[in-house]
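Participant: Fit chain B to the known structure of chain A by using the hints.
Chains as they are written, first to last, in the numbering used here: chain A, 1 to 340; chain B, 1 to 368.
Mixed in with the good hints, there may be bad ones.
Stated by the list, open to error - If you anchor each label on the Cβ, the simulated ranges turn out as follows:
#	chain 1	residue 1	chain 2	residue 2	range
1	B	D212	A	R237	57 to 67 Å
2	B	R126	A	L9	45 to 55 Å
3	A	A59	B	E130	20 to 30 Å
4	B	R116	A	G103	17 to 27 Å
5	B	P309	A	E158	53 to 63 Å
6	B	I325	A	L261	32 to 42 Å
7	A	R309	B	R245	46 to 56 Å
8	A	R309	B	T336	20 to 30 Å
9	B	R252	A	P281	38 to 48 Å
10	B	R116	A	P281	24 to 34 Å
11	A	L261	B	A261	13 to 23 Å
12	B	P309	A	E110	46 to 56 Å
Stated by the list, open to error - Partial list, computed: chain B residues near chain A (C-beta under 7 Å):
#	residue
13	H8
14	A10
15	T13
16	R14
17	A47
18	G48
19	L49
20	R51
21	L52
22	Y119
23	P225
Derived from the structure by calculation, the hints contain no laboratory data. Ideal Cβ positions, reconstructed from N, Cα and C, are used throughout, including at glycine.
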Amino acid sequence: MSADERVLLGHGAGGRLTGELVRGLFLPALANPHLATLSDAAVLPELPAGGRPALTTDAFVVDPLLFPGGDLGYLSVCGTVNDLAVAGAVPRSLTWALILEEGLPRDVLERLTAGAAKAARQAGVQVVAGDTKVVPRGKADGAFAVTAGLGVVPSGRECGDEFVRAGDRVVVSGSVGDHGATVMAARHGLGSATLRSDCAPLRALVDAVYEAGVAPRCMHDPTRGGLATTLNEVAARAELAIELDEAALPIRAEVAAVCELLGLDPLYLACEGRAVFVVAPEEEETLLAVLRDHELGQGAAGIGRVTQRRERGVRVVLRTAAGGLRPLDLLSGMDLPRIC
Amino acid sequence: MSDARPFHAAHGTRALAARLAELVARAERPLTVMEICGTHTHAIAAAGLRRLLPEGLRLVSGPGCPVCVTPVDYLDHAIALARRPGTTVCTFGDLVRVPGSSSTLERERAAGADVRVCYSPRDALRVAREHPDRAVVFLAVGFETTLPTIAAALEEAEVEGLANLSLLCGGKLIEPPLRALLGDGGVHVDAFLLPGHVSVILGADFYRFLVDDYGVPCAVAGFAPVDVMLALCELAEQHARGAARVANLYPRAVTAAGNRAAQQLLARTFAPVDTRWRGLGEIPRSGLALRPELAHRDAARFAVDVEPPREPRGCRCGEVLKGAIEPPACPLYGKTCTPDAPVGACMVSSEGTCAAWHRYRALEEVAS
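Just chain A, same shape as in the assembly:
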């Protein structure tokens, strides 16, 4: 296919065009022995003894498909790897299915595929199965990706919201809201030279934390709904409350600026390469040191603590820089822009 070629309905029909796409693009980019067999299902090696399998699935519909710091392909593999990693699992294998809109430029598809391959390499995982469907123009928005991810929780590793205790500390691995702000800015032509998505696979960062002997109570990747939503869910499952310190929150100046322009709150914007940890108070310092020593955790910060339950269902409270208090509730519907 030449550079100005586009995806046709036939590329999803299972015939000759599909074969060309698989052999000409997907196999070379995602090269691994399981995928190369092109059989109906990938038959995988046995899991390490004592390890428990962790399985996740996710769908990706980001608009625009290409954004500063990533693309739909890179995002989809990172997102899947990260869901496994923060569950305490070592990611192993992924499936990657694409729903493409007829007319998608070939070079965009190539970039998405290269993005997925890069993320898989960085995370040390294999894309062992895939599928491609093409729908008529207007029936999808460029491209959607759907994944499944398989990982293994090593024997003896326990991690989950049920282990969270009052007095625990909340730590985030870097600045929040970068991905959401970048995508919103790209949609509205507000890009800046320094604004880019934090999209990255977190596997190596989580590995480093366990290798240092830190055992987080729980870990999460604050994607859709951002930090505020993630912590609301943690507090609800733990039946406790969380208090955040606004002055300690790492928020980039350019992210704050985009949020002010568009009427968004960075605490509700997606991160795609950040982990939030809850740890015992005595482990906070070690955790911060490990994170800051890693390239993906240089902006790590202790941002708050777990407290006893509060009345009236308020789960997360922000102690504002001005000295006030403000509940960080779940979003209602979509986060709507302000009009003036």
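Facilitator: Okay, now just chain B, sitting in the frame of chain A:
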């Protein structure tokens, strides 16, 4: 962060809170300040400033949230246009969830209507260019802050000869409702916290009528915590001294005369007209309609059936908007009317008084 955002600095806010307490204590009467603007309502809640206010100072919200003051018949008209074949409705996001008499734009969109959320009126220009076969209607709500950008987009459409862009006019002026509130007698306001961004357009001198005709202390303020606290100190000081003037405490953005080019653009595009406000009723010459020479841009020319307006039973948004009651006095507040399922407009927009209270209320009761 505090270095990059000096007007958010905690030490500044705390120092001003202490000063404010002194000033309020010095006055003989308690002080009721009305913040007119929805962005102030939101900013005060977001920074948790109410906790820092002394006893003897009460903040009430006024009619400055454009979504909240838009009456239900306007929404019904917009919904009717959205149902009209070949029509695309472009709107600022807040309006899509505001209940009309029997539907919302959000529900119409789910049912197949072409309703698009725009951040800027220029987005509507782009939609009109891309779809020359469709009638594109922009929902022109807002005050003098928002309307110049709408006027600018319309002017661009005129120059370009882009015939398929129209406005459903719901624009409002800020002076008439303030006069109506002060003349009403029903609402007691000692001082006004005046909105920063509308003042960028109108200029600080615009508010002289509040001092000259009503003797009410005024302060133009920005939206960061330090801005708000500084303005409250100014108002408390005027109140304690029995003085009244318009203090411009947002000089980094607001001048005495305002933005003349934007004012002229407004005057070229719109003319005052009698209009209805949610809560305040009909106020003479308080709305903005297109000038007669732009009648071909008025979406009211499309023949559509607009259902008779029906206000939600029990909803007291109207009194909330006048500052006559606080949200918990409304029987629906927090019960059938919540941010997840708003009944009244004040619960929809993040700038709405009820939405801001709803966020804050929970906190009040858990404050440690």
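Participant: What hint numbers does the structure not satisfy?
Facilitator: 2, 10
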